[in-house]
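Visitor: Chains A and B, in that order, give the protein sequences.
Position one of the first sequence corresponds to residue 1 (full-length UniProt numbering), numbered consecutively onward.
Position one of the second sequence corresponds to residue 1 (full-length UniProt numbering), numbered consecutively onward.
Note that these hints are calculated values from the structure, not bench results.
Treat the hints with care, since some could be wrong.
[What the hints assert, rightly or not] Here are the in silico distance ranges between beta carbons for each label pair:
#1 B:C414 - A:K108: 45 to 55 Å
#2 A:S118 - B:K228: 12 to 22 Å
#3 B:L292 - A:K53: 19 to 29 Å
#4 A:F130 - B:G383: 46 to 56 Å
Even glycine gets a Cβ: it sits at the ideal position worked out from N, Cα and C.
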Amino acid sequence: MPLSAIKTVAKAQNGVGAFILQCKRLDFHYSNWAGSSRGMNAFIRSQLPVFAKNNPQIEIRVSPRGNKHPVIIGHYINGKTKPICVRNMTPEGVREKTELLRDASGEKLKRVNKPVTSLNESVRGIWSPFHGAKIQI
Amino acid sequence: MKRIRISRCGAQLMGAQAPRRPICPHAAQRQDVAPHHHRIQLRWASSLMAAARKPNEIEIDPAEEAAEESSIDLSEALTASSTAKPPQPPPETLPSPHPSRALKSAKLAALRSRLSLPPRFPLQTLARTLVHPSADPNPHFNNGSMSILGANLLGYYTTEHLLCNYPRLPMSVVFAAQYAYIGPKALATIASEWGIEAAAEPGGEVDPGLLQFKRARSGDEDFPSALKEVKAPWKWNVTTTHKIVSSDEFGSTKARPDPQQLTGQPVPIEEAAQSFVRALIGSLYLHLGSPLVKRFYRDHFLSRHLDLNKLFDFRTPTRDLSRLCAREGFEAPVARLISETGRLSRHPVFVVGVYSGKDKLGEGSGSSLDEARIRAAAAALKGWYLYKPLEVTVPSSLEGEVDTSKWKPNMVDCGEVIV
């Protein structure tokens with residue numbers, strides 16, 4: 001065979017065609033007794049239905065967990081989880097944390113130094129000393 | 001204490017036994033949903049269907065009689081008689097979740113909106129696409145048939161995209177590109193990127209939003225032979241044409257296993273995930289029609305990044321190039337040195353161009369003259385094979401359209417060079 005081909009798998013580019021929200025599940029754990037989950041309980045009662053309606057891609061589970069601080073756990077498509085303790089927070093604070101979990105990608109937090117990361121080659125190409133106008137010394 | 005069931009004794013009085021489960025996932029729904037489609041309406045209007053429905057309605061009686069049997073049965077029968085619906089068997093006895101439970105699954109609803117599917121795509125069908133034949137052998141409830149349709153659609157859309165956009169692509173590269181877009185590994189990856197979770201064990205009581213299949217454990221003896229990778233010995237009559245015609249779309253030596261072959265056999269999770277993705281495409285086609293499926297395919301499959309440039313693996317590019325030039329009637333290719341540096345140093349760099357007459361076909365750089373020449377020939381061949389026409393109309397874009405004036409015939413190339 002003069003020519004053979006290399007088997008690979010095409011790489012995903014989330015957002016180029018379709019966008020898939022990376023947060024797939026949010027678990028809300030609250031306590032009816034503990035005072036630290038007062039804000040959480042208010043959030044669940046008043047704002048969570050609206051949040052669930054606005055974000056139908058996310059499966060939402062609400063479950064009581066006695067004698068513990070309230071916690072929100074985000075489950076992501078890459079298999080990771082991200083728990084945030086929301087003790088003594090106001091309903092607004094809990095909403096902010098919920099939105100933070102919704103928008104997170106599930107990846108570990110990384111420092112991004114480069115302004116652009118791309119799979120595509122540079123259009124201009126790599127500079128070559130052998131091409132272009134000859135330099136007269 | 002076990003008693004004789006009166007219902008069983010008096011069975012001859014009650015007519016035909018109703019099927020244990022409705023024959024179609026929608027039949028459970030249809031009883032309380034007004035038919036909206038004219039064809040369904042016609043079917044329901046016929047007296048034959050009404051007669052067929054009757055046994056379902058008298059089904060309540062045996063449930064009440066069965067109430068004597070045990071306390072578990074009692075509670076179930078009470079709920080059944082209070083809602084006046086045919087009694088459902090306990091979910092543990094079913095091989096896969098009952099279609100009516102799909103509406104209550106949060107996972108399914110989340111999956112549907114995660115994939116931006118319209119609400120008219122029913123959740124029951126989405127639940128059915130998640131049931132692999134290894135979990136439920138009944139072809140009315142598993143995704144076997146839909147995955148066959150989906151596999152053919154995926155193959156069709158990918159092939160037409162590749163062949164129309166890159167008419168000169170060699171066949172082995174076409175196979176590799178198909179494998180990269182819709183091969184088994186790609187589909188399993190796509191399923192995991194859609195956030196599909198697998199059930200530990202299939203069953204009627206499992207959440208219908210989970211992928212249901214019988215798991216193959218490592219070291220399983222009864223691994224299905226249809227899935228085993230067998231390295232077939234070389235045969236003179238397995239040609240490229242044979243691969244195109246008689247095997248799957250990836251040019252492997254044998255065809256894809258029939259989904260119904262895998263009923264009841266343990267399979268790896270990749271196999272189940274692939275069949276889900278294929279079945280989803282098939283069911284989208286049936287429910288939403290081809291334009292929406294094409295859009296879905298473009299968004300989720302074609303949008304993935306694949307560098308066709310990197311799929312080529314030439315053995316003798318210089319010979320191929322001279323054969324190509326001879327075939328196309330160009331002048332024989334000549335390699336010329338464009339520039340060089342450090343010929344006598346530890347890291348020399350040569351830039352070589354391949355010329356046919358006055359036209360430069362390709363250029364490559366390398367640390368030896370030969371390396372640079374071979375790279376230049378490979379670049380020239382890639383330039384030829386990766387030719388892309390500017391305007392392309394794929395055959396499926398005119399499907400079902402009356403006006404065919406938009407059709408522009410595609411370029412058909414005579415193929416790769418044969419050395």
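Visitor: Indicate, hint by hint, whether the structure satisfies it.
Guide: Structure-based check of all given hints:
1. The given range of 45 to 55 Å is respected by B:C414 and A:K108, whose C-beta atoms sit roughly 52 Å from each other.
2. Distance hint for A:S118 and B:K228: a CB-CB separation of about 40 Å, inconsistent with the stated range 12 to 22 Å.
3. Evaluation of the 19 to 29 Å hint for B:L292 and A:K53 yields a pass: the beta carbon distance comes to about 24 Å.
4. Checked against the hint of 46 to 56 Å, the C-beta distance between A:F130 and B:G383 comes to roughly 20 Å, which is inconsistent with it.
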